[in-house]
Amino acid sequence: MKLNEFMRDRQGQVFLHIVSMAALSVFLYLTGTAPGVLILVLLVWILGLVASMLLKYHKEYSRLKELESIMDGLDKKYLFAECVSKPVDIYERKIFQLMRRSGKAMIEAVSEAQNGQKEYREYIEDWVHEIKAPITAGQLICGNNKSELSRKLLPQLAQIEEHVERALYYARAGSVEKDFIIRKMSLSDIIKEAVARHQTLLIQNGVKMETSGLDVMVYTDGKWVTFMIGQLLSNAMRYRTENPVIRIEAYNYGKQVRLSVTDNGIGVPAGELPRIFERGFTGSNGRERGGSTGMGLYICKKLADFLQIRLDAEAVQNEYTSISMTFPAKENLAKM
Amino acid sequence: MHRIIIIEDDTSIRDELTLLLTNEGYHVFALTDFSEAGKQAEEYRPNLILLDLGLPGRDGFALCKDIRKKSSVPIIFVTSRDNSMDELRALSLGGDDYVTKPYNIPVLLARIKAVLRRSADFGGQEDYTEANGLRLDLSRGILEYNSKNCEATKNEIKILCCLMRRPGEIISRADLIEYLWDNQIYIDDNTLSVNMTRLRAKLTDLGLGDYITTKRGMGYKI
Numbered sequence: 001m002k003l004n005e006f007m008r009d010r011q012g013q014v015f016l017h018i019v020s021m022a023a024l025s026v027f028l029y030l031t032g033t034a035p036g037v038l039i040l041v042l043l044v045w046i047l048g049l050v051a052s053m054l055l056k057y058h059k060e061y062s063r064l065k066e067l068e069s070i071m072d073g074l075d076k077k078y079l080f081a082e083c084v085s086k087p088v089d090i091y092e093r094k095i096f097q098l099m100r101r102s103g104k105a106m107i108e109a110v111s112e113a114q115n116g117q118k119e120y121r122e123y124i125e126d127w128v129h130e131i132k133a134p135i136t137a138g139q140l141i142c143g144n145n146k147s148e149l150s151r152k153l154l155p156q157l158a159q160i161e162e163h164v165e166r167a168l169y170y171a172r173a174g175s176v177e178k179d180f181i182i183r184k185m186s187l188s189d190i191i192k193e194a195v196a197r198h199q200t201l202l203i204q205n206g207v208k209m210e211t212s213g214l215d216v217m218v219y220t221d222g223k224w225v226t227f228m229i230g231q232l233l234s235n236a237m238r239y240r241t242e243n244p245v246i247r248i249e250a251y252n253y254g255k256q257v258r259l260s261v262t263d264n265g266i267g268v269p270a271g272e273l274p275r276i277f278e279r280g281f282t283g284s285n286g287r288e289r290g291g292s293t294g295m296g297l298y299i300c301k302k303l304a305d306f307l308q309i310r311l312d313a314e315a316v317q318n319e320y321t322s323i324s325m326t327f328p329a330k331e332n333l334a335k336m
Numbered sequence: 337m338h339r340i341i342i343i344e345d346d347t348s349i350r351d352e353l354t355l356l357l358t359n360e361g362y363h364v365f366a367l368t369d370f371s372e373a374g375k376q377a378e379e380y381r382p383n384l385i386l387l388d389l390g391l392p393g394r395d396g397f398a399l400c401k402d403i404r405k406k407s408s409v410p411i412i413f414v415t416s417r418d419n420s421m422d423e424l425r426a427l428s429l430g431g432d433d434y435v436t437k438p439y440n441i442p443v444l445l446a447r448i449k450a451v452l453r454r455s456a457d458f459g460g461q462e463d464y465t466e467a468n469g470l471r472l473d474l475s476r477g478i479l480e481y482n483s484k485n486c487e488a489t490k491n492e493i494k495i496l497c498c499l500m501r502r503p504g505e506i507i508s509r510a511d512l513i514e515y516l517w518d519n520q521i522y523i524d525d526n527t528l529s530v531n532m533t534r535l536r537a538k539l540t541d542l543g544l545g546d547y548i549t550t551k552r553g554m555g556y557k558i
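Protein chains in written order, with the numbering used here: chain F, 1 to 336; chain Z, 337 to 558.
These are computed hints drawn from the structure, not numbers from a lab. Do not rely on the hints blindly, as some may be mistaken.
[What the hints assert, rightly or not] Simulated crosslink set (DSS-like; lysine-lysine; CA at most 27 angstroms straight-line):
no., chain 1, residue 1, chain 2, residue 2
1, Z, Lys-406, Z, Lys-449
2, Z, Lys-557, Z, Lys-538
3, F, Lys-118, F, Lys-86
4, F, Lys-94, F, Lys-76
5, F, Lys-152, Z, Lys-551
6, F, Lys-146, Z, Lys-449
7, Z, Lys-490, Z, Lys-449
8, F, Lys-208, Z, Lys-557
9, F, Lys-59, F, Lys-94
10, F, Lys-330, F, Lys-301
11, F, Lys-301, F, Lys-184
12, F, Lys-56, F, Lys-118
13, Z, Lys-551, F, Lys-208
14, Z, Lys-538, F, Lys-146
15, F, Lys-94, F, Lys-77
16, F, Lys-76, F, Lys-104
17, F, Lys-76, F, Lys-302
18, F, Lys-152, Z, Lys-557
19, Z, Lys-375, Z, Lys-449
20, Z, Lys-449, Z, Lys-401
21, Z, Lys-401, Z, Lys-375
22, Z, Lys-538, Z, Lys-551
23, F, Lys-118, F, Lys-330
24, F, Lys-208, Z, Lys-490
25, F, Lys-146, Z, Lys-490
26, F, Lys-65, F, Lys-86
27, F, Lys-208, Z, Lys-538
28, Z, Lys-551, F, Lys-146
29, F, Lys-301, F, Lys-118
30, F, Lys-77, F, Lys-118
31, F, Lys-76, F, Lys-86
32, Z, Lys-551, F, Lys-184
33, F, Lys-77, F, Lys-59
[To be verified] Covered by chain Z, according to a simulated footprint, are these stretches of chain F (three or more residues, beta-carbon under 8 angstroms):
no., region
34, 130-136
35, 143-155
36, 189-199
37, 205-211
For each residue, glycine too, the CB sits at the ideal point set by N, CA and C.
This is chain Z alone, in the form it adopts within the complex (with noise of 0.2 angstroms):
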């Protein structure tokens, strides 16, 4: 698993994004002293960085020199001062990213994946998942079961990873929603029941008549 050090003085923010990327299957390490992180930094070996420029003492940009006299791990910088001149001075002391706060969790999650994907020791990612004897191939868009297939849509192949990724859970419109804007789906409500109906069908014609159940008022389940 990836190993991420948040630096960050906040101690509500340090505390809700550790929760928060733990909760995505990171390994977190939260710095409490700064004064060290550059040793620290060595020792832990991390796949990434969240530096906050902010900090007590001695400011993320002294951190950054620090770490990269030592180590060239993507360090992502998070801060709440967006004027430029600092972003161009993060990129320039080796930054890989610059995100300011308030950051949207899906954003920031996201430029987390794409900074570890750009540094080498990203494994490939899967182009295809599976649940309950369903093949869903991501890069293709086809559904296969029973050495059956049929193409899907881009909007249904979201609804089912969004479904696949938690199986025998109920999940909301709601949640499914946010999951779908969250992949720049930009769907409401009626669209959704547009979407499912077409996927049922699809399903159907593959033999999988009942694969998605419908929990009344609370959502869908596979």
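So here's chain F without its partners, still in its complex pose (with noise of 0.2 angstroms):
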């Protein structure tokens, strides 16, 4: 709050005292009094004015800064009106009174919105836990009666959990940081398990890979990063053309270690690149095909965000698709 502000507030203020000063002074006059009484009256009256109104300048000055300083050392902001001092006048104490109130409502409110999404993120949990004994039931059931039949059921079913698995980690995405262990970890092996939960749908998609290089330990959450993988295995048979070829290398990277895993399928649009990682983006590679929420390589960029892993992604359209994590070094792991 400037001064010239604050004397604009009171513009009505001074008018007032000056059509008063104005009439004190016609009546004075008219009444005999001596012109040098009359100028010590309006100068004492002009200084009792202009003292008056710097003093309140000057604690309205001091209390809005002591509230703005307040306000910016909060985390939550709206919980203002329960952490500023209580006011001392009366007009200030009914407005904060009212302030308090209005805060009330709203943190109950969001309380409440918090508890709700918290109860919904944990029924969201179970239900997934639930609903993997029958997708294991039916695997089993595939797995020891193989034949046609079976090869057909075997990847609905592995569709129907890739899409659990994904509710599951869109769900605890927000609560990462309290679910993940890192260790050192085999690439080869977190590979290994990846394309093993998607073998089916790959071998029937006439699905080459080639691997490279896998040889390596990462420091790494296991289960995230296989996730991961999986995710950029099932873009890759959505985008295919036809005889696909996968490609998983790896490679040192300085000190750190890069995963890339390369298709040669419909590539991205360079416009639409950028925005790949972006929640809900589907594109047109998407909205031709269909079936694509835009959620996989989102949930993928915040996993990634979690485990200090880099995702970069290349691609020319109709050529391929080239997605790379980037693995932090051991010594650049900060604490997590």
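Mind assembling these two chains? They're in different frames, but the hints should get you there.
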């Protein structure tokens, strides 16, 4: 608050004082007061007015400063009214009582929403765990009775599993920090597991896979990375062309390890490439083919951020898409 | 043969798992009453226990503690709860591995084998296999027949392995490709044909021109 802003607010008050001064002057003059006395009276008046205004300005100014600094220091801004010292003057006190009431209602609404979300999330988690039992049983039944039928059924089960997993990871992505263990992992074991989980579908789509350089160790969480690679494989299958080939390579990149998953599929239009990790972005490929949710890569990106893995995408339309994951070097793993 | 105890409360999973592991040549004993698990684990003297975490009443963690009081048998936790805290807890309670549902069957079998191999009483693995006079040296990747021999690639060895496991049976191309993928050879149909042709040429050089017979539309047989 600047002084001129403060004055502008009090234009009416000042004007009233001037009018009163004029009226008093006229009255005193007409009743025969000496001009010297008149000027003295006016001077005292003006002095008193200026002093009281400055005092008021100073008080309001420092109070505002105090409030602003409290607000700046607050993590949850809506708790503001709870955190300020009690005002002295009655007008401000009334305003604060109102603010506090509104704040309280807001806090209640927020915590209610948070609880609701938490309950929902927990329900989704439970549900996912429950539905995994019949999926497991179904897979075992197919495995024990190999036939044309089971070969058709298995990929469907795998798809159900994938959708379910995605729901779980999405429900959890907000609390990943509580759910990972960084360990020394063999990259080839991770890839083995991810491929095995999508094997039936990969074979049915006639995919040929080439791997190289996977005999390296990385420091990361196996479960999340397996999920991410699974997403990349399933994308590679969805956007395949004839004679699909997926190449999985790992190589040292300075002290880091970089893993790339490259397909020879339909690629991504150059203009859409920067947006593929955005939530809900399906792009022209997704629109034409259908069935894409725009969530897969978005979740991957979120997970990668948590695990300090850098995700890069490279693609040429109608030629290839390549997603690379750069794992952090052991010594660079910041405390998580 | 290795003896495996399954502790799992979902009946369809329990039955199918029993069938799967029996087909793989294990002696399987599926518990239906979990209150005595510790005692039964001792009596049955298994080489491995597959333990589900989410059991009614006392959970897998408690059972694991019970079992560990009496024996050091390898335990693989099998669960649909795949959060890291459970995994950490399972391993710190003395679990040997932790597999999440839904498990991929080859992955599960591989983990079981790996844990059995690590435990002391697992016999040495065969490093050669033989069928109809052809001897396959798995560690060196060499085919031997009538004192003649030749080298084979990893893919060719695995193809032969798959066929030699069940001599006289017709193995479909789909089964063959699945077997290869299970062994981290990720090839497509065309590549299989190419590998097959090369393998046949090598066998012909050894004097085994018709070692592998093709059943049109059905698959291969040795």
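When you check the alpha-carbon spacing of Lys-208 of chain F and Lys-490 of chain Z, does it fall within 27 angstroms? Distance of about 16 angstroms is within 27 angstroms: holds.
Lys-76 of chain F and Lys-104 of chain F: Cα distance at most 27 angstroms? holds, 13 angstroms
27 angstroms Cα cutoff - pair Lys-118 of chain F, Lys-330 of chain F: violated, 34 angstroms
Pair hint Lys-76 of chain F and Lys-302 of chain F, alpha-carbon separation not exceeding 27 angstroms: Distance of about 23 angstroms is within 27 angstroms: holds.
Is it true that the CA of Lys-77 of chain F sits at most 27 angstroms from the CA of Lys-59 of chain F? holds, 24 angstroms
Could you grab the alpha-carbon distance between Lys-94 of chain F and Lys-77 of chain F and see if it respects the 27 angstroms cut-off? holds, 20 angstroms
Coverage claim, chain Z over the region 130-136 of chain F, checked by counting residues with Cβ within 8 angstroms (three needed): Three-residue rule met by the region 130-136 of chain F, so holds; n is 6.
Do the alpha carbons of Lys-301 of chain F and Lys-184 of chain F lie within 27 angstroms of each other, as the hint requires? Distance ~21 angstroms between Lys-301 of chain F and Lys-184 of chain F Cα, so the pair holds.
Tell me if the straight-line CA distance from Lys-406 of chain Z to Lys-449 of chain Z falls inside 27 angstroms. holds, 23 angstroms
Count the residues of the region 189-199 of chain F whose Cβ falls closer than 8 angstroms to any Cβ of chain Z, and tell me whether that reaches three. holds (count 6)
Given the hint that Lys-538 of chain Z pairs with Lys-146 of chain F, does the C-alpha gap stay at or below 27 angstroms? Not satisfied, since the Cα-Cα distance of roughly 32 angstroms exceeds 27 angstroms.
With a Cβ-Cβ cutoff of 8 angstroms, does the region 143-155 of chain F contain at least three residues near chain Z? Holds: 4 residues of the region 143-155 of chain F have a Cβ under 8 angstroms from chain Z.
Of the numbered hints stated above, those contradicted by the structure are hints 3, 12, 14, 23, 32, listed in ascending order.
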